[in-house]
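Protein chains: 2
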Amino acid sequence: MTTRTATPIKVIAEPGLPFVGTEREVDAPRDLVFRCFAEPELLRQWLGPKRLEMRIDEFELRDGGRYRYVHIEPDGTEYGFHGVFHGAQTPDSMTQTFEFDGAPGHVSLDRIELVDLADGRTLVRSHSVHQSVEARDAMVTHGMADGMEQGYQKLDTLLAGLRAAR
Amino acid sequence: MTTRTATPIKVIAEPGLPFVGTEREVDAPRDLVFRCFAEPELLRQWLGPKRLEMRIDEFELRDGGRYRYVHIEPDGTEYGFHGVFHGAQTPDSMTQTFEFDGAPGHVSLDRIELVDLADGRTLVRSHSVHQSVEARDAMVTHGMADGMEQGYQKLDTLLAGLRAAR
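As they're listed, the protein sequences go chains A and B.
Take the first sequence: its position 111, counting from 1, is numbered 115 in my numbering, and each next residue is one higher.
Take the second sequence: its position 86, counting from 1, is numbered 90 in my numbering, and each next residue is one higher.
Calculated directly from the structure, the hints in this document are not laboratory data.
Some hints here could point you the wrong way.
A pair holds if it fits inside one copy or across any two, identical chains being indistinguishable in the list.
Within a straight-line C-alpha distance of at most 25 Å, the following computed SDA-like cross-link-like pairs (lysine to any residue) qualify [unchecked claim]:
{"#": "1", "residue 1": "K14", "residue 2": "S136"}
{"#": "2", "residue 1": "K158", "residue 2": "E43"}
{"#": "3", "residue 1": "K54", "residue 2": "L36"}
{"#": "4", "residue 1": "K54", "residue 2": "E18"}
{"#": "5", "residue 1": "K158", "residue 2": "M58"}
{"#": "6", "residue 1": "K54", "residue 2": "D123"}
{"#": "7", "residue 1": "K158", "residue 2": "H110"}
{"#": "8", "residue 1": "K14", "residue 2": "A122"}
{"#": "9", "residue 1": "K158", "residue 2": "S136"}
In this text the structure is predicted, and so the values were computed from the model without any measurement.
Given the sequences, and given the hints that come with them, work out the whole structure.
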């Protein structure tokens, strides 16, 4: 089987607005991609920068459900994140709050949408809103795009395996 | 005792941004005002337009706690709202999500701050961010300021009673 070359993540962050949008194509049909967002055992294998391991402590994918996961550095340092799912969680719309354990009360509201590109590929589109433009700017400048792209490259590999297993 | 005239609510909604800010002075010290936000039996007596009754079904004022309340029309029609508190809930910062039961997944992120004006008065400042400018505009144009001011007038009365009882 072949894996077509992935296009790196595109980040949209217009000056003076608290929004961050991202777009990333992946080479798999939408139902498979959704599984990689919805099933913690799959999500754990790809989300986040390459050097970090991931442990998911809580993951209730339903309206009002909570999640909590931890990214772990090679030296054992842990970074915890948590949030709440809002509304029905479907390939058309996954909405959740996102909060770093180390900065409680500093929250973004994230929405992910999976668009069927009709050639067996899927566009993953995210839209986040922060509490201020300054908070948005801090997130974007702290290597967000690079960390996310590293995660998507792990997702490419995971999806290639899932496609091969079909 | 005297109640100094309240200044009506000020709404800040700059074009093209998803933020809404409000400012409203109330004639009471900050600790009393905080009680009216933090104690459900007090909150129930003032939040929302004058014609509506309020019932609070859930109110866990702590990091990660949930709330749910219902506004009730004179004819019995109910409008439910719910959300989650994020971070420590103090007079300096009360952060929460806000969601209408009728539109799950359409969320705003609200922060309330109580500023001691040092003359026995308190400035209630709110900052909300919506998922889009369109969602913000819809909220502002649907009588938000009028409904909030009606609530603050009930709060003025409640605070006058609490001050008198001290």
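Cross-check of the supplied hints:
no.: 1; hint: K14 x S136; in the structure: both (22 Å within a copy, 20 Å between copies)
no.: 2; hint: K158 x E43; in the structure: within (15 Å within a copy, 48 Å between copies)
no.: 3; hint: K54 x L36; in the structure: within (21 Å within a copy, 51 Å between copies)
no.: 4; hint: K54 x E18; in the structure: neither (27 Å within a copy, 40 Å between copies)
no.: 5; hint: K158 x M58; in the structure: within (12 Å within a copy, 49 Å between copies)
no.: 6; hint: K54 x D123; in the structure: neither (28 Å within a copy, 55 Å between copies)
no.: 7; hint: K158 x H110; in the structure: neither (28 Å within a copy, 31 Å between copies)
no.: 8; hint: K14 x A122; in the structure: within (20 Å within a copy, 49 Å between copies)
no.: 9; hint: K158 x S136; in the structure: neither (31 Å within a copy, 31 Å between copies)
Going down the numbered hints, you'll see the structure goes against 4, 6, 7, 9, while the others check out.
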